[in-house]
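**Q** Start from chain A and add chain B according to the hints.
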Amino acid sequence: MDFAVLPPLKVESGQFATISSDGRPLAQVFVPERPPVPEQFSFFWRALATRSHIGALLKQLLRAESEVKVRLIGRSYVTTFGYSRTGTPDQHPEDWNFELIYRLIEQADLPYSLGLTIDTSTLRDWVSEVYVWASIAAESGLVQGKPETGIRTTLHDWDKPTFKHAIYPLFESTIGLKEGADDLWSQAAKTAKSLMPVEARAA
Amino acid sequence: MAKARGTDAIQGIVVEAWLSATGHAEISSFSNPYPGDIRHHIGVHSNAGYPLDFYVYGSIASGYSQVAYLGPIADKWDKKISQMTGYGEESQPMQVSPLGSPARVQVSLVQFDSTWSGLTAAILDRIPEISVDVS
Numbered sequence: 000m001d002f003a004v005l006p007p008l009k010v011e012s013g014q015f016a017t018i019s020s021d022g023r024p025l026a027q028v029f030v031p032e033r034p035p036v037p038e039q040f041s042f043f044w045r046a047l048a049t050r051s052h053i054g055a056l057l058k059q060l061l062r063a064e065s066e067v068k069v070r071l072i073g074r075s076y077v078t079t080f081g082y083s084r085t086g087t088p089d090q091h092p093e094d095w096n097f098e099l100i101y102r103l104i105e106q107a108d109l110p111y112s113l114g115l116t117i118d119t120s121t122l123r124d125w126v127s128e129v130y131v132w133a134s135i136a137a138e139s140g141l142v143q144g145k146p147e148t149g150i151r152t153t154l155h156d157w158d159k160p161t162f163k164h165a166i167y168p169l170f171e172s173t174i175g176l177k178e179g180a181d182d183l184w185s186q187a188a189k190t191a192k193s194l195m196p197v198e199a200r201a202a
Numbered sequence: 000m001a002k003a004r005g006t007d008a009i010q011g012i013v014v015e016a017w018l019s020a021t022g023h024a025e026i027s028s029f030s031n032p033y034p035g036d037i038r039h040h041i042g043v044h045s046n047a048g049y050p051l052d053f054y055v056y057g058s059i060a061s062g063y064s065q066v067a068y069l070g071p072i073a074d075k076w077d078k079k080i081s082q083m084t085g086y087g088e089e090s091q092p093m094q095v096s097p098l099g100s101p102a103r104v105q106v107s108l109v110q111f112d113s114t115w116s117g118l119t120a121a122i123l124d125r126i127p128e129i130s131v132d133v134s
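So the protein lines, in turn, are chains A and B.
Each residue of the first sequence is one higher than the one before, starting from 0 at the first, in numbering that gives the first Met the number 0.
Each residue of the second sequence is one higher than the one before, starting from 0 at the first, in numbering that gives the first Met the number 0.
Since the hints were made in silico from the structure, they are not lab data.
Quick reminder that beta carbons are idealized off the backbone N, C-alpha and C, glycines included.
Do not take every clue at face value.
Claimed, not checked - If you want the ones that stay clear, here's a sample from chain B, every Cβ over 10 Å from chain A, calculated: (1) Asn46; (2) Tyr49; (3) Gln82.
Unchecked claim - Computed far set for chain A versus chain B, every beta-carbon distance over 10 Å: (4) Glu11; (5) Gly22; (6) Gln27; (7) Pro37; (8) Arg50; (9) Gly54; (10) Leu57; (11) Gln59; (12) Glu171; (13) Lys177; (14) Trp184; (15) Lys192; (16) Val197; (17) Glu198; (18) Arg200.
What the hints assert, rightly or not - If you want the footprint, here are the derived chain A segments under chain B, 3+ residues with CB under 8 Å: (19) 69-75; (20) 109-118; (21) 126-136; (22) 141-147.
Isolated chain A (complex conformation) (with noise of 0.2 Å):
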């Protein structure tokens, strides 16, 4: 499938570019001036996302070592909580204790906006932190509104093995594509890359 990738949008903290195909817009990708941490970039499309893409998500995301940041926005509330676990990596997922994030998203009424951060930054084998923002609604029915999904990390997560075997589910099942998804995927790293300027590249 071909993309085009439009000439990127400068604003004061960075730039953004459109991944579009047969002049549809599909995907955006922001890449900051000055990242917090090398690398970094964010990758976001439009579309909704279910309570089961999340969970399904959260059982790849979720370590046993791990700092989780929720900040959920419904239609008269806003939770926010951070979840501090310290364990060992092998642990069963099914021992790990994070009933409280599956509770919220499963029982928070719909629709809502999820923010989620997740640092595992200790464990060197999987991703320092990545930041996903989902538009939550029923499978079935009318929303209004303009949904958006998307993903905060750096690049040199997403080349690791471990992260696309998390993320890419969620991008794919999403962003509505019936072929093409992965060739957008590897566009969406060509793009951040190629954006990035000299000195947020990691040493």
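**A** Just chain B now, kept in the frame of chain A:
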């Protein structure tokens, strides 16, 4: 009501508004002698993982002129919250005239620069007016 809030649950935007008399402390009444540092605050939370420019608009409800903004226009103000990620806030100083009670201020509009569609009004559930007793 000390703090008013509106949300856009799909786009992940929350707008909060309040009056303060000392720093960011919320206040729901003013008594004579009135403090000299009254402000109308508008704060915006966003779940988007990239920066957005937000434009916030505050106003005094028609017929409640016992409060006035210290600025070019006495009954309204607008400011830009630049390149915001997570949370941003702007405020406008006010003064109180002891003409009656209560005073009512509100958020009249919130817009943001969407990289998908340009300047977009945030579709928020109605944000209530803030009513402040003045005595």
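**Q** For every hint, state whether the structure bears it out.
**A** Now for the hints, and whether the structure bears them out:
Not every C-beta of chain A lies more than 10 Å from that of Asn46(B), the closest at about 4 Å, which undercuts listing it as non-interface. Tyr49(B), annotated as away from the interface, has a beta carbon of chain A within 10 Å; the closest lies near 4 Å. Its beta-carbon lying about 4 Å from the closest one in chain A, Gln82(B) breaks the requirement of being farther than 10 Å from that chain. With a least beta-carbon separation of about 5 Å from chain B, Glu11(A) fails to lie farther than 10 Å from that chain, contradicting its non-interface assignment.
Every CB of chain B lies more than 10 Å from the CB of Gly22(A), the least distance being 14 Å, so the non-interface label holds. Interface exclusion of Gln27(A) from chain B breaks down, the closest Cβ pair being 6 Å apart, not more than 10 Å. Every CB of chain B is more than 10 Å from the CB of Pro37(A) (nearest about 17 Å), matching its label as outside the interface. The beta carbon of Arg50(A) is kept farther than 10 Å from every beta carbon of chain B, the shortest such distance being approximately 14 Å.
Against chain B, the non-interface label of Gly54(A) holds: every CB pair exceeds 10 Å, the least being about 18 Å. The claim that Leu57(A) lies off the interface holds: its Cβ sits roughly 16 Å from the closest Cβ of chain B, which is beyond the 10 Å cut-off. Listed as outside the interface, Gln59(A) is consistent with that label: its C-beta sits roughly 18 Å from the nearest C-beta of chain B, beyond the 10 Å cut-off. Every C-beta of chain B lies more than 10 Å from that of Glu171(A), the closest at about 19 Å, which supports listing it as non-interface.
Residue-level check passed: Lys177(A) sits 22 Å from the nearest beta carbon of chain B, beyond 10 Å. Once the 10 Å rule is applied to beta carbons, Trp184(A) is consistent with being away from chain B; the minimum gap is 17 Å. Taking the minimum C-beta to C-beta distance to chain B, about 17 Å, the non-interface status of Lys192(A) holds against the 10 Å cut. At roughly 21 Å, the least C-beta separation between Val197(A) and chain B is larger than 10 Å, which holds for a residue marked as non-interface.
The beta carbon of Glu198(A) is kept farther than 10 Å from every beta carbon of chain B, the shortest such distance being approximately 19 Å. No Cβ of chain B approaches the Cβ of Arg200(A) within 10 Å, the least distance being about 19 Å, so the stated non-interface status holds. Counting residues of the segment 69-75 of chain A whose beta carbon lies closer than 8 Å to any beta carbon of chain B gives 5, which reaches the threshold of three, so the coverage claim holds. Here's how the segment 109-118 of chain A fares: 5 of its residues keep a CB closer than 8 Å to some CB of chain B, so the rule of at least three is met and the hint holds.
Check result for the segment 126-136 of chain A against chain B: holds, 5 residues qualifying (beta carbon to beta carbon below 8 Å, three or more required). For the segment 141-147 of chain A, the stated coverage by chain B is satisfied: 6 residues place a CB nearer than 8 Å to a CB of that chain, which reaches the threshold of 3.
The structure is inconsistent with the numbered hints 1, 2, 3, 4, 6, although it conforms to all the rest.
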